[in-house]
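Letter by letter, the chains look like this.
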Amino acid sequence: NAGVTQTPKFRVLKTGQSMTLLCAQDMNHEYMYWYRQDPGMGLRLIHYSVGEGTTAKGEVPDGYNVSRLKKQNFLLGLESAAPSQTSVYFCASSYLRSGGYSNQPQHFGDGTRLSIL
Amino acid sequence: LAKTTQPISMDSYEGQEVNITCSHNNIATNDYITWYQQFPSQGPRFIIQGYKTKVTNEVASLFIPADRKSSTLSLPRVSLSDTAVYYCLVGDRRAETGTASKLTFGTGTRLQVTL
Chain A
1 NAGVTQTPKF RVLKTGQSMT LLCAQDMNHE YMYWYRQDPG MGLRLIHYSV
51 GEGTTAKGEV PDGYNVSRLK KQNFLLGLES AAPSQTSVYF CASSYLRSGG
101 YSNQPQHFGD GTRLSIL
Chain B
118 LAKTTQPISM DSYEGQEVNI TCSHNNIATN DYITWYQQFP SQGPRFIIQG
168 YKTKVTNEVA SLFIPADRKS STLSLPRVSL SDTAVYYCLV GDRRAETGTA
218 SKLTFGTGTR LQVTL
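So the sequence lines, in the order shown, correspond to chains A and B. Going by the working numbering, the first residue of the first sequence is number 1, and it counts up by one from there. Going by the working numbering, the first residue of the second sequence is number 118, and it counts up by one from there.
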């Protein structure tokens, strides 16, 4: 049972390059999230998805795009990387509980450390 | 989302009980309280969640007074491996259909456990 797996774990990019971060979960969760964490700060929500084929903006969405073509995968794309996007990126997932209590604890991956020069 | 305030750091000796208090004066009726733990180079890990009174699991206890304006995470007999950052979050427990829990993580409380 892997939980939430993020690929790659580390990456160094040059300014202007593009890349995609992959998040995969094997818990059949409906909800998935992408966060970034900068040194000494808490996590900030970039984008999230409430189901396959749907995405929505979080607190800091600019410069990022996402896609959820399959329920188990959530991709985060940087079209033109900038030094300000140097950060640790965390993916999380949570399940939809019946009865309307949809906000369940989130399960996190171990992060992707991204440096942009 | 209700704003939370918690101490920046705490120190403890191994074997002691640690209580971390979080203030959330603007908590709403439908908000619940969740605590996460984060070790260096890892993602946050869910510890405990509650709405009122006391909740206990195999890892910790969560005490929530009647007015729910604060909550206290209690870690019994901490060990060196409990050294981590602890986050208190407050969020609506009933999201509208098609929306999701958009949790706001503050800077957390950095707990340092020593011998």
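Derived by calculation from the structure, the hints in this document are not laboratory data. Please read all numbers here as calculations on a predicted model, not as lab measurements. Any given hint could be a false lead.
[What the hints assert, rightly or not] Okay, the calculated beta carbon distance ranges per label pair:
{"id": "1", "chain 1": "B", "residue 1": "A145", "chain 2": "A", "residue 2": "K14", "range": "38 to 48 Å"}
{"id": "2", "chain 1": "A", "residue 1": "Q17", "chain 2": "B", "residue 2": "N147", "range": "40 to 50 Å"}
{"id": "3", "chain 1": "A", "residue 1": "K70", "chain 2": "B", "residue 2": "E175", "range": "26 to 36 Å"}
{"id": "4", "chain 1": "A", "residue 1": "G77", "chain 2": "B", "residue 2": "G132", "range": "21 to 31 Å"}
{"id": "5", "chain 1": "B", "residue 1": "K186", "chain 2": "A", "residue 2": "R44", "range": "22 to 32 Å"}
[Claimed, not checked] Stretches of chain A that chain B covers, calculated by requiring three or more beta carbons in the stretch to come under 8 Å of a beta carbon on chain B:
{"id": "6", "region": "10-17"}
{"id": "7", "region": "64-72"}
[Unchecked claim] Over the 10 Å line for every Cβ pair with chain A, so calculated as not near, a few chain B residues:
{"id": "8", "residue": "K120"}
{"id": "9", "residue": "E131"}
{"id": "10", "residue": "Q133"}
{"id": "11", "residue": "F163"}
{"id": "12", "residue": "V172"}
{"id": "13", "residue": "P193"}
From the three backbone atoms N, C-alpha and C, an ideal C-beta is built for every residue, glycine too.
Here is how each hint holds up against the structure:
1. Judged by the Cβ atoms, the range 38 to 48 Å given for A145 (chain B) and K14 (chain A) holds: they are separated by roughly 45 Å.
2. For the hinted restraint 40 to 50 Å between Q17 (chain A) and N147 (chain B), the CB-CB distance of approximately 43 Å keeps it satisfied.
3. For K70 (chain A) paired with E175 (chain B), a C-beta distance near 34 Å keeps the hint of 26 to 36 Å intact.
4. Hint check: G77 (chain A) to G132 (chain B), Cβ distance near 48 Å, so the stated range 21 to 31 Å is violated.
5. In this structure the supplied range 22 to 32 Å holds for K186 (chain B) paired with R44 (chain A), their Cβ-Cβ distance being about 25 Å.
6. Requiring three or more residues with a Cβ within less than 8 Å of a Cβ of chain B, the coverage given for the region 10-17 of chain A is violated, as only 0 such residues are present.
7. Remark: the region 64-72 of chain A is not confirmed as covered by chain B, as 0 of its residues place a Cβ nearer than 8 Å to a Cβ of that chain, below the required three.
8. Against chain A, the non-interface label of K120 (chain B) holds: every CB pair exceeds 10 Å, the least being about 12 Å.
9. With a closest Cβ-Cβ approach of about 26 Å to chain A, E131 (chain B) is found to remain outside the 10 Å limit, as its non-interface label requires.
10. The beta carbon of Q133 (chain B) sits about 26 Å from the closest Cβ of chain A, which is more than 10 Å, so the claim that it is off the interface holds.
11. Not every beta carbon of chain A lies more than 10 Å from that of F163 (chain B), the smallest distance being close to 4 Å; the non-interface claim is violated.
12. Listed as a non-interface residue, V172 (chain B) keeps its Cβ farther than 10 Å from every Cβ of chain A; the least gap is roughly 13 Å.
13. Listed as outside the interface, P193 (chain B) is consistent with that label: its C-beta sits roughly 21 Å from the nearest C-beta of chain A, beyond the 10 Å cut-off.
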